[in-house]
Amino acid sequence: MTRRSFVFTMVGTAVAATLAYFGCKRQVTSQSSALYLPHFLSILMDKSAIEEIGKSYLKKHPEENSIEKLKSNILSSFDGNSLAQKETGGSIDKFFESKILSEFRNGNQEVIDGWVLSVTEARQCALFTVLNKS
Amino acid sequence: MHIDARELDTTDSIEGDLCIIGAGAAGISMAIDWMNKGYKVLLLEGGGFKYDEKIQDLYAGKQTGQRYYPLKSARLHYFGGTTNHWAGMCSILDPIDFKKRDWVPYSGWPITLEDLKPYYVKAHELVEIGPFNYDIDFWKSTDKELTELPLDRTVIFNKIYQFSPPTRFGEKYRDKVTGARNIHLYTHANVVDIRTNESVTSVEYVLAKNHIGRSFRFKAKYYVFACCAVQNARILLASNKQAPRGLGNDHDLVGRYWMEHPEVKSGELWINHPDRLKLYAYNDGYNAKVRSEIGITEAMQVEHKLLNGTISLSPLDIAKNMKPIIETWSKDDPRESYQNTEDANIRAVRKKWLYMFNEHKNQGFELFTRIEQSPNPDSRVTLDTETDALGMPRAKLHWALTQADKQAIRRLYLLFGQQVGISGIGRVKLMDFLQDENDPAWPSSTGGGWHHMGTTRMSDDPQTGVVDKNCQVHGIQNLYMAGSSCFATGGAVNPTLSLIALTLRLSEHLDSQMKTNYKPIP
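Protein chains in written order, with our numbering: chain R, 1 to 134; chain A, 135 to 656.
It should be emphasised that the hints constitute simulated quantities derived from the structure, not laboratory data. Among the hints, a few may not be true.
Stated by the list, open to error - No farther apart than 30 Å at their CA atoms in a straight line, the calculated lysine-lysine pairs in the DSBU-like style are these:
no., chain 1, residue 1, chain 2, residue 2
1, A, K439, R, K60
2, A, K184, A, K465
3, A, K188, A, K171
4, A, K603, A, K399
5, A, K278, A, K184
6, A, K188, A, K399
7, R, K59, A, K399
8, A, K171, A, K278
9, A, K423, A, K310
10, A, K174, A, K457
11, R, K133, R, K59
12, A, K454, R, K55
13, R, K60, A, K454
14, A, K206, A, K457
15, A, K184, A, K353
16, A, K649, A, K310
17, A, K171, A, K184
18, A, K310, A, K353
19, R, K47, A, K399
20, A, K234, A, K603
21, A, K206, A, K184
22, A, K454, R, K47
23, A, K495, R, K94
24, R, K47, A, K495
25, A, K454, R, K59
26, R, K55, A, K399
27, A, K174, A, K251
28, A, K423, A, K278
29, A, K457, A, K278
30, R, K60, A, K353
31, A, K439, A, K251
32, A, K171, A, K454
33, A, K454, A, K423
For reference, chain A alone in the conformation it holds in the complex (with noise of 0.2 Å):
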């Protein structure tokens, strides 16, 4: 059901067994797997059901560090969260992105891959993709014409994505989550604080408030926040009266270790005999279940201590004549920012796009790297003075990336490089910005994917992490994290696919939890 808290006149508590703070795709995939379970679920989200400039701004914030886009476009707020605007781009992280590995610092995962593959294959069906296989022959077999360059596969492998339609998950997922019994979807219910008992070891209820001046208190057995990885921070460490240093913070890393996927072109690849190269082709314009994007294997990862990352390819006629997206995604109000990206580029180039990959043999391609940031704690997410309409304190955001990241992008292209010049093929142009090994500049185009990463990292030992391995905020016995905070290192894939994961099995650890403790309501 759905109550709309603007129309709420209540001075109770508002009780439950689960209470999730955040619709989006984490959030709602949660409750949709809590449907008919026999147990009270409060879903709280802070927007209604479509755009607002109100409640977006509560996502407004200040930014120092590398460029980035504005705070308050970055994600959008209301049901169903950033996947109103997502590109749908899906993939799966790697075995070694959950490996400690001794070039990356505070790298590793106290889980594996083997532990999300379960939940992968459920979050399949909720952003509608094919079937759980990523490798590169299977695809081949679906389609003659999707032909992979001749590089060495102990080397280079083909990192394939599949594409959402995208799922709209507001739309899609509006109905059955108001339609169940046991779901109690809240809108216009912002949790601005958490209230815990006087030892600081459980969660006593949520403050939530809205624009209209009501504020409430949520109470439930466990509290989920699903709120993407700066507001997840913030909410923690803006819930400061009972713990000075906010909630899961006694070891200052709540906010720390902000991760992105630094996005930047970064050279060309000119081949012999030209070619359309099909299996590389973004989803733009035509109906392609996969694209593959080019990987480097575990082994030489650790053999050239390389972060994990791809290099995508688009002809260079076209990608020439576009602009960086942190040029064209620069306005505070989301919508100004999607028009002006879709006119400068995506509009501009969708059909020539199509043609270029689908009929056009091309000789030269742009070279597109997203690559892992290494674990830092100085980029980071932090409490700013200013407050919003709702007082509660402002995001912060610090962006550090290192002369490391940047070195692992020229290690990358060498290596490519080298492998293209064994094959025969062509040969590798690396831009000026990495030229010279020793240049710590970025370039201005430098970008990233919208993917917000690590602010409440997962480690089982209390001084490297913010949750544990089922995602409970150390020393708080019911409360959780849910989606990308919780990664402790941002693997090479757009996170969406592995946040929804990741939601999942914390979902079948509350279910358990639940089991445990306490009766489903009959």
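Isolated chain R (complex conformation) (with noise of 0.2 Å):
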């Protein structure tokens, strides 16, 4: 893994047509990078190591590779009446800071290519790479 000092850009046209795929959950238009952009792991690492840890997870998790089954789950309790929504005012980007802090302390984490994850952003990192390839 090269040492992370960009912020994301967006991946590629193919990302920025499928956005709109994302639309059937309320809110999430507007902010959806924070689904396929694992905020805090794109401050520690690169697009290529992203990428890695997005294989490995489908590797280890065939059955999610698509990215309606992805966005499914990763958007699992974004309704508008979870606790964690609530409590973040409605924010996907502090919906997802409180998703990932509590699957962490839940223990509800995963070892993706050497990473200690949660599961949360490991299927951020597999719909980055799905998204990339379309």
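Given two chains presented individually in distinct reference frames, assemble the corresponding complex, making use of the accompanying hints.
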């Protein structure tokens, strides 16, 4: 892994075109990069490392190898009613921050490509990888 | 006083009150403790005051099992012992190390940390370190730059180490020992046999030899072997003329449960706000008094069924260029191995290390594990058929690690990774060898800390231990073992300070025994 020193830009027009696909969940469209961009990891590592994590996750969980499935899992409980969402005022960034913290606290973590990650951020890496391919 | 046994010309037994065999950290500490006590102390050292290839060769032996440093170069065989090149890292065992843990077979000591504490205080003086205080808040109050990682203290704690100069016992205490009226230091006196009474309940004398062909009998009221874990076992096993399985070995325990601290690069920590983390710096190139390693609290060790271990940090830019010590310390000659290690790692990185921890802010750190090895009867010292120059069977070491040891490392890092995630400071990455929990293989970089422990383990029950809680060999009233061979478990820390403390405790016990049974010489 190389040292992370940049902020992620869009991963390409393929991603931009796909964002509309996420429209089924409320308030998501304008902040959709949060879906496929594991914000904290993007501070620590570069694109290729995130893709490697994504590939490893999909290899371990082939049943989730679809945009719809990953999106659904990543956004689970983002329905406007969850405690995490209420506590974070509906912001998707805050929602993910809270969800990832909660997953670590509950031991809902996985070792993917060696990284000890919360399940949601691992899925975000997977979605990033899938979108990059499409 | 000092007597070179090569120049000794006597066939008479040499008599004293207390006979200490071995003049390393343990033996010298005990001898100093007996200065001016009114009893005659015989301190026997196999070597002289400096390195001698012929003497060092007596420590050579065969090895099987887990790759390890050559036996010949893993210990030094002259006055001062291995303190002549030790690194000086000092810390204390944790309370849990002494407890019976149902997930650690053969764990549990017949003493507690509280029993050792008074002797740790005395040991501090001998190794020239600071106050007997291992509390992170105390040390932070002495230096504002010692900031700790913001991790949950109910899960993670800072295991504090203090740095000895390091004290070279040979240089530091030579004049003191040889100048003491009641301490009779015999150099070039290698004990090769222990002779007992007919019923094998009491030692009558020890037989020492040297390379010029002389042999001597040393007689005393009490005998203490302080020769290191490999050699303590070797001499007991080799003393088999009256007890065919060796002394103290009625239950086939002598030499078994040999332990090291497996040491291995295990992962990386990446933090979002680069920092110096000076608290975690090794004392290499500047005058640090303390360093912290990352430990796991007792409650969490119990909950997660962990072995006691610590994680140390090194700036990744330095660590990635360092060779595993198991590769650099591969020569039989300890001077060559030491030099190889210095050349490959220490000299090359010393200045940079200083810079990285004191000036530069780092984002990536290598995570390095030192962990206790679960006591394992198959990890053992036995006798070889080959003999050394003095006719004594050489030692043969089989170091056996288990999959449980490795899985404990993985659990340690999963817990640490979780806590780092909760804290929001970064993420942890495991090295390849830890990614599959069912993979039993150890990486080729796995080494040890030259920490030999456990071959004459302590237990109140003769069926589970060689020595009792006072380090007396079960069934032999005047024979004692000193040092880390008596450890029942190894804990997570470098053992020197603890083995000195345990030896000073034994010293006090023997003082009491001596006073009860024998009057001092006026």
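* K59 of chain R paired with K399 of chain A [C-alpha distance capped at 30 Å] -> holds (26 Å)
* Asked: Would the pair K206 of chain A and K184 of chain A pass a check requiring their Cα atoms to be no farther apart than 30 Å?
  -> Roughly 16 Å separates the two Cα atoms, so the pair holds.
* Is K454 of chain A within 30 Å of K55 of chain R, Cα to Cα? -> Distance of about 25 Å is within 30 Å: holds.
* Asked: Is K454 of chain A close enough to K47 of chain R, meaning Cα to Cα at most 30 Å?
  -> holds (22 Å)
* Would you mind confirming whether the straight-line C-alpha gap from K310 of chain A to K353 of chain A stays at or under 30 Å? => Within the cut-off at roughly 24 Å; holds.
* Asked: Holds or violated: K423 of chain A with K278 of chain A, Cα cutoff 30 Å?
  -> Since the Cα atoms of K423 of chain A and K278 of chain A sit roughly 14 Å apart, the hinted pair holds (cutoff 30 Å).
* Asked: Going straight from one Cα to the other, do K188 of chain A and K399 of chain A come out at no more than 30 Å?
  -> Distance of about 35 Å is beyond 30 Å: violated.
* Are K423 of chain A and K310 of chain A close enough, with their CA atoms no more than 30 Å apart? -> holds (26 Å)
* Compare the distance between the alpha carbons of K47 of chain R and K399 of chain A with 30 Å, and conclude whether the hinted pair is satisfied. => holds (26 Å)
* Satisfaction of hint between K278 of chain A and K171 of chain A, Cα-Cα up to 30 Å -> Roughly 45 Å between the alpha carbons, so the hint for K171 of chain A and K278 of chain A is violated.
* Asked: Taking only the CA atoms, is the gap from K60 of chain R to K454 of chain A under or equal to 30 Å?
  -> Given that 30 Å is the threshold and the Cα spacing comes to 29 Å, the pair holds.
* Are the Cα positions of K133 of chain R and K59 of chain R separated by 30 Å at most? -> Since the Cα atoms of K133 of chain R and K59 of chain R sit roughly 15 Å apart, the hinted pair holds (cutoff 30 Å).
When each numbered hint is compared with the structure, violations occur for hints 3, 4, 5, 6, 8, 10, 29, 30 and 32.
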